[in-house]
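*Asks:* For reference, the chains in residue letters:
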Amino acid sequence: MHVSLFIPCFVDQLYPQTAFNMIKVLKKAGCTVHYNAEQTCCGQPAYNAGYWDECRSVAEKFVRDFSENEYIVAPSGSCIGFVRNYYGKVLENNGHEKEMHHQQLPVYEFTEFLTTVLNVEDLGAEFKASAVYHDACGALRECGIKDAPRKLLRHVKGLQLIEAPDCEVCCGFGGTFAVKFEPISIGMGEQKVLNAIEMGAEYIISTDLSCLLHLDGYIRKHKLALKTIHIADVLSATLA
Amino acid sequence: MHEQEKIFQEESRIKATDLEHRRKINYSLMQSDIAFQKGKNVFPGLESARKRAKNIKWETIEHLNKYLLEFEKKFTERGGKVIWAENPQQALDAVLQICKQKQAKSVVKSKSMVTEEIHLNPFLSRHGIEVVETDLGEYIQQLSGEAPYHMVAPSMHKSREEVALLFHEKLNAPPGLAPEELTLFTRQLLRQKYVEADIGITGVNFLLADIGAVAVTENEGNARLCTSFPKTHIAITGIEKILPSVSDLALFWPLLATHGSGQQVTVYNTIFSGAKKENEPDGPEDMYVILLDNGRTNILADVTARESLFCIRCGACLNVCPVFKNIGGHTYKATYGGPIGSVITPYLSGLKSYKHLSYASSLCGACTQVCPVHINLHELLLYNRNKSVKAHFGSRSEKLGWLLWKKACLSRAMMNMTNGRIKNFMIKLLFRKSWGDNRSLPDFAPKTFNELWKATGQ
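Keeping their order, the protein sequence lines are chains A and B. Start counting the first sequence at -6; every next residue gets the next number (my numbering). Start counting the second sequence at 8; every next residue gets the next number (my numbering).
By construction, these hints were calculated from the structure, which means they are not laboratory data. The beta-carbon is built from N, C-alpha and C at its ideal position, and this holds for glycine as well. Be careful, since some hints might not be right.
Restraint-style ranges between C-beta atoms, simulated for each label pair [claimed, not checked]:
#1 A:10 <-> B:424: 50 to 60 Å
#2 B:397 <-> A:21: 46 to 56 Å
#3 A:195 <-> B:257: 47 to 57 Å
So here's chain A without its partners, still in its complex pose (with noise of 0.2 Å):
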């Protein structure tokens, strides 16, 4: 299978690693991975800030770095799901007949690829923790991704997976949100911390790592005994 990497600005710039991680995984599960290195973000930052024109010369640029691929794979449902349905409303009447095409763009978030397009639920990783998994916003509400990343995770050796109740709360990042309403956003990102810890976890796993920057800023911050992982880099844990 061949598949184009779809590396999300913030990951780009702040966690290259996990990128790395994921194209360990997808070669694992038997990929052949292409990135074109004129990529650069989709857009999202612009559009949910409400600076729609901004937003859509990013979109266009994106839609002719992706335009010939059969699947584009990225470490985040929120990028997945601002691609997948809000491009038709951000390019609509753009005049670019090229840009209409977007709706095909195969844009798929990293576990709903694995499990859904490729069919691979146990990649032989091990990680011995604890952990809950949090629900990203735009993973569930955006991808409808519920059971994917369970799956993947069940099949990991040592991985001792935590249901929390507030598995699908909000972690309270929201990009501008977490600036412009620093104190809403730091209550939400604490209770989820909080109740993390209360559960027993020693980290929170996610596939989005716009959630886990956030929530690790506090743990951090706090000096807390609680580590955010995003989901690639525990599938590809003891991967040589």
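Given chain A's structure and the hints, the job is docking chain B onto it.
*Replies:* Quick look at chain B alone, frame taken from chain A:
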């Protein structure tokens, strides 16, 4: 920053860090969720019920003029009186005129958010007319001098101990009454008020066009008492509350009940079709329906935002909203709190003053997921953000920021410029203050994935 936003920012900081508030609200909303999860099973296919409800509301709102006129015609044919009010003042004047005509000294009221919207109680008090709220939650709020905290559960933020203390202080009730005793105490007190009142005022859950009637849903029987003893009944409603037919209630009653309180159907559902007829033993001698616009036609005029008029005020979006859970209902400083309030308030009270509510959301989408009439609430918040940008309400630095962002995102070379250390320095400079003291900023990697990929020569 606009004055309204400043107030919102200050109050949200207080509420979001108030752990006792958090505990009470989390507990209360957890109970709502347990009830809802159980109650919704009454629908074998909830999804198709929601879609059908949305279709019915769509049809109604698209032909709002037709259905409202049909309602007016049918209702007036049976002797009811319809009053059209464009704004709160017209509605208030109409109520006052009726009060004067009837020489009314006292009014009993059942729960109504529209009367909150027009600030009816203080208005009538100023004119020397006593108003008594008869829904227990609303009565508690009236005693405390507070607006309702939640559109369905007005006093959910108060513990039983706080209510007992309030009753002791305001009504001289024995101290430390249990909830059952408080209810009994209130019942005895209110029974007298029903008998004495000249006018009963209710809200409306659904206006029924085909039979020209209003449907009122409640759990305490107080709306029935408000409309049984007083000689005059005034029902006040927003124009969007209309349904084409009485038969639509078969769908909307259980949808409202399950999403509002987790009940299969609410305890008392009454259809009022007008004043008492000659051969009827009871009921008011006069019945008025006041149809209030107050900015709703602004929503109607906006093709995208229009679907927010489908709302049946069940409050489910508030119950699942993590922002509401953290800041509570009073911080919004709007009649309608929570996600639906954040969507409609800019249309009812001005985008410039209330645009911040569209931004005060993490866009998690839990509201959209639960809405019984499928309003795309979080997408409408995004839409309002764009409206605000188009109206040039954004700051100059914000505009410049997004322009620079666009330039960077259109150029791979720019995204690879400098190194992680310098980027960390820049990010700290820009965001240290707004990121706050409770989180560490993330660290940029020394090199981007893009650079590392190219270096591996793959």
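*Asks:* Can you list which hints this structure breaks, lowest number first?
*Replies:* 1
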